[in-house]
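Enquirer: Sequence:
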Amino acid sequence: MAKHRVAIITGDGIGPEVMAEGIKVLSAVQAKIKNLSFEYEHFPWGCDYYLANGEMMPQNGLEILKGFDAIYLGAIGDPRVPDHISVRDLVLKIRIGFDQYANVRPIKLLEGVSCPLKDKTPQDIDFVVIRENTEGFYAGCGGRYRKGTPEHGKYAGLRQVFADSEEVVVQEGVLSQIGVERVITYAFDLARSRKKHLTCCTKSNALNYSMVYWDEVFRKIAKSYPDVRTDFAMVDATCMWMVKNPENFDVIVAENLFGDIITDLGAAIQGGMGVAAGANLNPHGLSMFEPIHGSAPKYTGKNVINPIATIWAGIMMLEQLGEKEAATLVEKSVKEVLREGKYRTKDLGGTSSTSEVGDAVADAIYKIKM
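Numbering (the numbering used here), first residue to last: 50 to 419.
Treat the hints as calculated values from the structure; they're not laboratory data. There may be inaccurate statements among the hints.
Computed cross-link-like contacts, DSS-like style, restricted to lysine-lysine with a CA-CA straight-line distance of at most 30 Å [what the hints assert, rightly or not]: (1) 52 / 384; (2) 384 / 83; (3) 167 / 244; (4) 52 / 416; (5) 416 / 395; (6) 157 / 293; (7) 384 / 395; (8) 142 / 347; (9) 347 / 81; (10) 196 / 384; (11) 115 / 269; (12) 73 / 293; (13) 272 / 81; (14) 73 / 269; (15) 73 / 416; (16) 167 / 381; (17) 416 / 381; (18) 73 / 52; (19) 167 / 196; (20) 73 / 347; (21) 244 / 196; (22) 81 / 293; (23) 196 / 52; (24) 142 / 73; (25) 384 / 373; (26) 115 / 169; (27) 418 / 373; (28) 245 / 73; (29) 115 / 81; (30) 115 / 351; (31) 245 / 167; (32) 395 / 347; (33) 73 / 272; (34) 416 / 83; (35) 245 / 272; (36) 244 / 272; (37) 245 / 196; (38) 73 / 115.
Please put together the full structure from these sequences, using the hints given.
Expert: This is the structure:
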């Protein structure tokens, strides 16, 4: 029997509510498929944990997680805790700690979900963004330098406005050869398995070191994939074409910051944050799966948030665990519920509760003939 140990971090706000539905659906698929089993362990890490203990997760948190096959995350964030603490000290700590270098974001409009773009259908919006997940401007390098310090003096010589300023703030983006090569290679492999088209999202016309290097590596690796069609798009043009002609994309590969921005735009065109999921992958190690929406504190306890994003993150987790049959079963069930339209939360134009949508997906799993 395939038994998978899953670490559950429900997190903050509506995180526990959507996670309950994700687990409900996994329980349904476990009951449906023989020789499939999950063992869950819940961890109370997040902003409440921070307020009680002064840290988002214990010092040995990464060591604790090492023994699991996957991490299933709800949502992180609380107005009482600054975002740079809640995100960096838990989500980014896990991503970097387990070298989850590929952030995979499917941008897929499902049948039955309305799209804000005129005349666009599910056939037009079906692509994937691969975001480098551990480097770039999120590497945490830089500092705040007061006038009179050697660091301030380093920048004072570049421009008069820097020299005249009492403080200079630097946020450095760091790209490594290994980091860039592996994420671009991952994107090429994915494109090869899909429609064989990969777009390099860049800004090499302005970022003369980092993005010029990124483009060079992309071109070098492209030589090993002659069957994959490639093109380049500046990040601003990428945003424009995602809105104007999303059907032109198959796979997009982007640096960390750019990928973060364009994937939220992608969520909007696929129907909203309530249906958008993501995977933080280490293809050969421990990976983390999550809805990309926030903790929505004002809706906590109201049972109104769409759980589809969390359920879809569960689909991605099943795929990564090698449970293709289970992943397909859940995907079919989600699509059937959305297509039928009887159970929808408010963000999709319905009146159903969080738990009612979760129940509907679980029921659909039981009804599908294997």
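Enquirer: Each hint: holds or not?
Expert: Now for the hints, and whether the structure bears them out:
no.: 1; hint: 52 / 384; result: holds (26 Å)
no.: 2; hint: 384 / 83; result: holds (23 Å)
no.: 3; hint: 167 / 244; result: holds (24 Å)
no.: 4; hint: 52 / 416; result: holds (24 Å)
no.: 5; hint: 416 / 395; result: holds (25 Å)
no.: 6; hint: 157 / 293; result: holds (16 Å)
no.: 7; hint: 384 / 395; result: holds (18 Å)
no.: 8; hint: 142 / 347; result: holds (26 Å)
no.: 9; hint: 347 / 81; result: violated (36 Å)
no.: 10; hint: 196 / 384; result: violated (58 Å)
no.: 11; hint: 115 / 269; result: violated (35 Å)
no.: 12; hint: 73 / 293; result: violated (38 Å)
no.: 13; hint: 272 / 81; result: violated (45 Å)
no.: 14; hint: 73 / 269; result: violated (45 Å)
no.: 15; hint: 73 / 416; result: holds (15 Å)
no.: 16; hint: 167 / 381; result: holds (26 Å)
no.: 17; hint: 416 / 381; result: holds (11 Å)
no.: 18; hint: 73 / 52; result: holds (17 Å)
no.: 19; hint: 167 / 196; result: violated (53 Å)
no.: 20; hint: 73 / 347; result: holds (24 Å)
no.: 21; hint: 244 / 196; result: violated (54 Å)
no.: 22; hint: 81 / 293; result: violated (42 Å)
no.: 23; hint: 196 / 52; result: violated (58 Å)
no.: 24; hint: 142 / 73; result: holds (28 Å)
no.: 25; hint: 384 / 373; result: holds (16 Å)
no.: 26; hint: 115 / 169; result: violated (43 Å)
no.: 27; hint: 418 / 373; result: holds (16 Å)
no.: 28; hint: 245 / 73; result: violated (36 Å)
no.: 29; hint: 115 / 81; result: holds (29 Å)
no.: 30; hint: 115 / 351; result: violated (34 Å)
no.: 31; hint: 245 / 167; result: holds (27 Å)
no.: 32; hint: 395 / 347; result: holds (15 Å)
no.: 33; hint: 73 / 272; result: violated (45 Å)
no.: 34; hint: 416 / 83; result: holds (16 Å)
no.: 35; hint: 245 / 272; result: holds (14 Å)
no.: 36; hint: 244 / 272; result: holds (18 Å)
no.: 37; hint: 245 / 196; result: violated (52 Å)
no.: 38; hint: 73 / 115; result: holds (25 Å)
Checked against the numbered hints given earlier, the structure breaks hints 9, 10, 11, 12, 13, 14, 19, 21, 22, 23, 26, 28, 30, 33 and 37 and satisfies all the rest.
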